[in-house]
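A.B. asks: Each chain is listed here by its residues.
Protein chains: 2
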Amino acid sequence: MKFGGTSMAGTERIRRVAGIVRAQAAKDSEVAVVVSAMAGETDRLVNFCREANALYDPAEYDVVVASGEQVTSGLLALTLQSLGCKARSWLGWQVPVATESAHGKARIAAITADAMIARLEAGEIAVVPGFQGLSEEGRVTTLGRGGSDTSAVAVAAAIDATRCDIYTDVDGVYTTDPRIVAKARKLKAVTYEEMLELASVGAKVLQTRSVGLAMKAGVRLQVLSSFVGEDAVAADDLPGTLIVSDQEMDELVKGGEMERQHVTGIAHDKNEAKIILTRVPDKPGAVADIFAPLADASINVDMIIQNVGRDKGETDVTFTVPQADLARAQALLEDRRGEIGFNRIITDSQIAKISVVGVGMKSHAGVASTMFRSLSDRGINIQAISTSEIKISVMIDEDETELAVRVLHTAYGLDAED
Amino acid sequence: MKFGGTSMAGTERIRRVAGIVRAQAAKDSEVAVVVSAMAGETDRLVNFCREANALYDPAEYDVVVASGEQVTSGLLALTLQSLGCKARSWLGWQVPVATESAHGKARIAAITADAMIARLEAGEIAVVPGFQGLSEEGRVTTLGRGGSDTSAVAVAAAIDATRCDIYTDVDGVYTTDPRIVAKARKLKAVTYEEMLELASVGAKVLQTRSVGLAMKAGVRLQVLSSFVGEDAVAADDLPGTLIVSDQEMDELVKGGEMERQHVTGIAHDKNEAKIILTRVPDKPGAVADIFAPLADASINVDMIIQNVGRDKGETDVTFTVPQADLARAQALLEDRRGEIGFNRIITDSQIAKISVVGVGMKSHAGVASTMFRSLSDRGINIQAISTSEIKISVMIDEDETELAVRVLHTAYGLDAED
Numbered sequence: 001m002k003f004g005g006t007s008m009a010g011t012e013r014i015r016r017v018a019g020i021v022r023a024q025a026a027k028d029s030e031v032a033v034v035v036s037a038m039a040g041e042t043d044r045l046v047n048f049c050r051e052a053n054a055l056y057d058p059a060e061y062d063v064v065v066a067s068g069e070q071v072t073s074g075l076l077a078l079t080l081q082s083l084g085c086k087a088r089s090w091l092g093w094q095v096p097v098a099t100e101s102a103h104g105k106a107r108i109a110a111i112t113a114d115a116m117i118a119r120l121e122a123g124e125i126a127v128v129p130g131f132q133g134l135s136e137e138g139r140v141t142t143l144g145r146g147g148s149d150t151s152a153v154a155v156a157a158a159i160d161a162t163r164c165d166i167y168t169d170v171d172g173v174y175t176t177d178p179r180i181v182a183k184a185r186k187l188k189a190v191t192y193e194e195m196l197e198l199a200s201v202g203a204k205v206l207q208t209r210s211v212g213l214a215m216k217a218g219v220r221l222q223v224l225s226s227f228v229g230e231d232a233v234a235a236d237d238l239p240g241t242l243i244v245s246d247q248e249m250d251e252l253v254k255g256g257e258m259e260r261q262h263v264t265g266i267a268h269d270k271n272e273a274k275i276i277l278t279r280v281p282d283k284p285g286a287v288a289d290i291f292a293p294l295a296d297a298s299i300n301v302d303m304i305i306q307n308v309g310r311d312k313g314e315t316d317v318t319f320t321v322p323q324a325d326l327a328r329a330q331a332l333l334e335d336r337r338g339e340i341g342f343n344r345i346i347t348d349s350q351i352a353k354i355s356v357v358g359v360g361m362k363s364h365a366g367v368a369s370t371m372f373r374s375l376s377d378r379g380i381n382i383q384a385i386s387t388s389e390i391k392i393s394v395m396i397d398e399d400e401t402e403l404a405v406r407v408l409h410t411a412y413g414l415d416a417e418d
Numbered sequence: 419m420k421f422g423g424t425s426m427a428g429t430e431r432i433r434r435v436a437g438i439v440r441a442q443a444a445k446d447s448e449v450a451v452v453v454s455a456m457a458g459e460t461d462r463l464v465n466f467c468r469e470a471n472a473l474y475d476p477a478e479y480d481v482v483v484a485s486g487e488q489v490t491s492g493l494l495a496l497t498l499q500s501l502g503c504k505a506r507s508w509l510g511w512q513v514p515v516a517t518e519s520a521h522g523k524a525r526i527a528a529i530t531a532d533a534m535i536a537r538l539e540a541g542e543i544a545v546v547p548g549f550q551g552l553s554e555e556g557r558v559t560t561l562g563r564g565g566s567d568t569s570a571v572a573v574a575a576a577i578d579a580t581r582c583d584i585y586t587d588v589d590g591v592y593t594t595d596p597r598i599v600a601k602a603r604k605l606k607a608v609t610y611e612e613m614l615e616l617a618s619v620g621a622k623v624l625q626t627r628s629v630g631l632a633m634k635a636g637v638r639l640q641v642l643s644s645f646v647g648e649d650a651v652a653a654d655d656l657p658g659t660l661i662v663s664d665q666e667m668d669e670l671v672k673g674g675e676m677e678r679q680h681v682t683g684i685a686h687d688k689n690e691a692k693i694i695l696t697r698v699p700d701k702p703g704a705v706a707d708i709f710a711p712l713a714d715a716s717i718n719v720d721m722i723i724q725n726v727g728r729d730k731g732e733t734d735v736t737f738t739v740p741q742a743d744l745a746r747a748q749a750l751l752e753d754r755r756g757e758i759g760f761n762r763i764i765t766d767s768q769i770a771k772i773s774v775v776g777v778g779m780k781s782h783a784g785v786a787s788t789m790f791r792s793l794s795d796r797g798i799n800i801q802a803i804s805t806s807e808i809k810i811s812v813m814i815d816e817d818e819t820e821l822a823v824r825v826l827h828t829a830y831g832l833d834a835e836d
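Sequence order for the protein chains is A and B.
The letter at position 26 of the first sequence is residue 26 when you use our numbering, and the numbering goes up by one with no holes.
To convert, count from 1 in the second sequence and add 418; that's our numbering.
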């Protein structure tokens with residue numbers, strides 16, 4: 001079970017969490033819990049570090065910020081004990097959660113959970129602070145912001161957990177953003193691949209890294225609202241969303257628990273910006289000259305289109321980058337104007353990316369044409385298209401985002417019945 | 419060097435501390451620093467524990483409260499780095515500071531400082547969170563409130579430090595409380611034994627345990643104000659008080675750096691209470707019947723007087739206990755009224771203990787008679803007397819505390835010259 005910062009914000013909320021954990025422990029004999037710091041605490045600690053040293057040493061930053069989860073792990077163990085449960089905290093260096101030495105953004109290398117498993121088997125609830133680990137050099141590391149989801153999945157894998165329940169602010173994964181489409185439906189289950197596509201294009205429920213790890217390690221995830229009561233846990237009436245393998249999804253469909261849809265969900269992303277380089281010489285290596293420096297600067301280029309221009313031997317190149325990297329990308333390209341040989345740079349951050357996602361489209365043609373026809377019927381201009389096995393994305397004008405999402409949600413039959 | 423919670427309260431104050439540490443490091447090549455949590459932080463964490471679980475598990479309490487020093491150790495390391503120093507934090511489990519398993523009040527068993535010494539020799543400042551350690555079971559322990567002084571002395575002993583400088587709210591040890599006697603003088607040096615007597619009877623500068631440890635380990639202590647500037651450190655102009663062995667004190671006196679006084683200081687303590695048991699049968703074992711149950715309950719009995727009563731075969735027994743234990747002591751004695759066979763219990767918490775302290779009195783008679791005469795000349799009634807090799811204490815009426823301290827300070831020639 002994993003609880004985020006909002007659930008851990010203060011001893012009263014921690015008592016609520018402890019009630020849920022106790023209810024779960026009463027059903028299954030062995031429960032490990034991963035906790036975040038109290039909401040706001042990590043920001044407070046990060047600010048201290050910035051005040052102490054603007055160019056802070058990430059190893060010492062980790063010592064400071066990891067303390068937030070240390071506090072909540074001890075407090076949850078104490079609260080569980082006050083409810084009559086056996087419980088103890090296991091700090092990152094105690095488990096140990098071995099990580100790489102990349103302080104501030106370490107990756108988990110291995111979790112040796114033997115000692116913890118022995119205590120779990122003896123009926124003691126393990127409370128593990130998320131976000132923190134131990135480097136080879138014996139120093140405290142952290143996994144980067146939001147890393148507690150990853151900690152939870154890694155601990156679940158290490159103890160071979162039946163399931164990893166992520167309690168969060170939302171009560172599951174929806175077919176699309178319910179703030180845009182009132183008829184959005186909560187999904188009973190999605191596959192890891194679908195979740196990765198939905199997460200990376202805007203459905204911010206889980207850290208992308210944690211979903212990738214769950215897929216690799218075969219950990220069954222469940223996203224749940226932290227406002228679910230302990231009674232619901234006791235009754236096994238948990239209305240969240242399961243995140244599972246293709247194989248398990250097939251079984252759910254075969255067992256009649258799920259209906260197979262061609263499209264599982266619609267995601268949107270307004271955080272991309274468009275760059276057009278005009279009149280680039282149409283010669284071998286021209287595209288490499290543009291994208292190699294961006295890759296070197298860790299700027300993620302997404303959609304790419306090449307339009308043959310009016311003049312022969314020249315072409316316009318259009319692509320998208322994250323808005324946050326737009327200025328940096330522009331500067332890098334201006335520096336290389338001579339080598340690349342373009343005429344003008346045109347940028348536009350008033351664009352949006354709309355994606356339809358679903359494992360069902362692997363075995364079904366027609367999904368793309370439905371998308372293009374539905375949008376054009378409503379006069380929405382598609383500026384670019386990109387596709388993967390389980391996703392089709394289009395670039396449109398940002399103003400038309402909500403309209404496009406609603407149109408597609410209806411077109412793919414995702415609207416909830418009244 | 420050790421800095422307390424007031425010195426570490428916020429990043430601005432930590433910057434001031436870092437300046438002092440840097441100045442010291444520029445003089446000596448190797449510096450270790452022990453830090454407390456930010457003022458108020460330990461209270462905040464203790465309250466969280468109490469809210470979580472009124473009867474808290476001390477092992478989890480330690481996990482929570484030790485985080486305060488973890489934060490300040492990381493922040494001081496970061497701040498030192500921002501001033502161009504090499505520095506790193508060493509958490510209790512990293513050094514490691516091995517302690518007993520008595521959570522919440524653990525005693526340090528051993529500090530293995532080899533790894534830290536290697537880094538000190540390489541010119542890196544070591545920042546060690548005070549108050550925390552590691553149990554044999556691999557759990558976080560704490561040393562009890564005020565334990566950071568003890569941590570500092572233990573670290574100083576482990577790295578064979580030339581000196582252990584305790585930066586605190588006061589700027590040294592005085593001949594008496596300057597709030598009572600304006601002419602109190604700061605002492606250049608006191609011996610460990612004198613400091614123990616002065617500390618245990620009211621001069622609250624250092625944790626008693628840390629002085630005892632320093633004496634045992636031969637660590638030279640210096641008490642300094644944390645308001646001393648880095649310039650003073652650079653100039654070696656540190657107007658604190660040294661706490662040293664008898665032998666070093668003799669050398670300071672021989673070298674003309676100190677004048678040997680018969681009396682070093684006057685301490686007072688208003689936290690004792692008096693208990694009188696009337697008409698106790700004057701038979702063998704009667705005293706043991708009274709004091710054995712108090713000792714079993716860890717109630718510290720200090721002064722004891724037996725007055726033969728009017729009736730033959732009976733005696734009044736008077737003694738003092740800490741005010742905080744008075745009610746408990748009274749209840750224990752009432753429970754044993756039958757065995758002890760006393761008539762009445764009379765209690766009085768309006769008393770004070772005044773002590774004159776000095777290694778000089780070992781070789782000088784006259785000190786006690788000066789005390790008794792000076793007090794009686796001012797009409798102050800002495801209710802009880804107790805002595806040790808380097809201390810004479812009297813019990814008087816609490817209202818006369820300030821008068822008695824002033825009279826004695828003058829009588830022993832301790833007043834500062836104008």
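Note that these hints are calculated values from the structure, not bench results.
Be a bit skeptical, because a hint or two may be false.
Sample of chain A residues lacking proximity to chain B, with all beta carbon distances greater than 12 Å (derived) [said to hold, decoys possible]:
id, residue
1, G10
2, A18
3, Q24
4, R50
5, V71
6, Q81
7, L83
8, Q94
9, T162
10, G218
11, E257
Footprint (simulated), chain B over chain A, 3 or more residues, beta carbon under 8 Å [said to hold, decoys possible]:
id, region
12, 279 to 285
13, 359 to 372
For clarity, every value in this text was computed on a predicted model and none was experimentally measured.
Backbone N, C-alpha and C fix where the C-beta goes; we use that ideal spot for every residue, glycine too.
A.B. asks: Each hint: holds or not?
C.D. replies: Hint check results:
no., hint, in the structure
1, G10, "9 Å, violated"
2, A18, "9 Å, violated"
3, Q24, "19 Å, holds"
4, R50, "9 Å, violated"
5, V71, "5 Å, violated"
6, Q81, "6 Å, violated"
7, L83, "9 Å, violated"
8, Q94, "6 Å, violated"
9, T162, "27 Å, holds"
10, G218, "31 Å, holds"
11, E257, "40 Å, holds"
12, 279 to 285, "violated (count 0)"
13, 359 to 372, "violated (count 0)"
Hints 1, 2, 4, 5, 6, 7, 8, 12 and 13, counting from the list given before, are not met by this structure.
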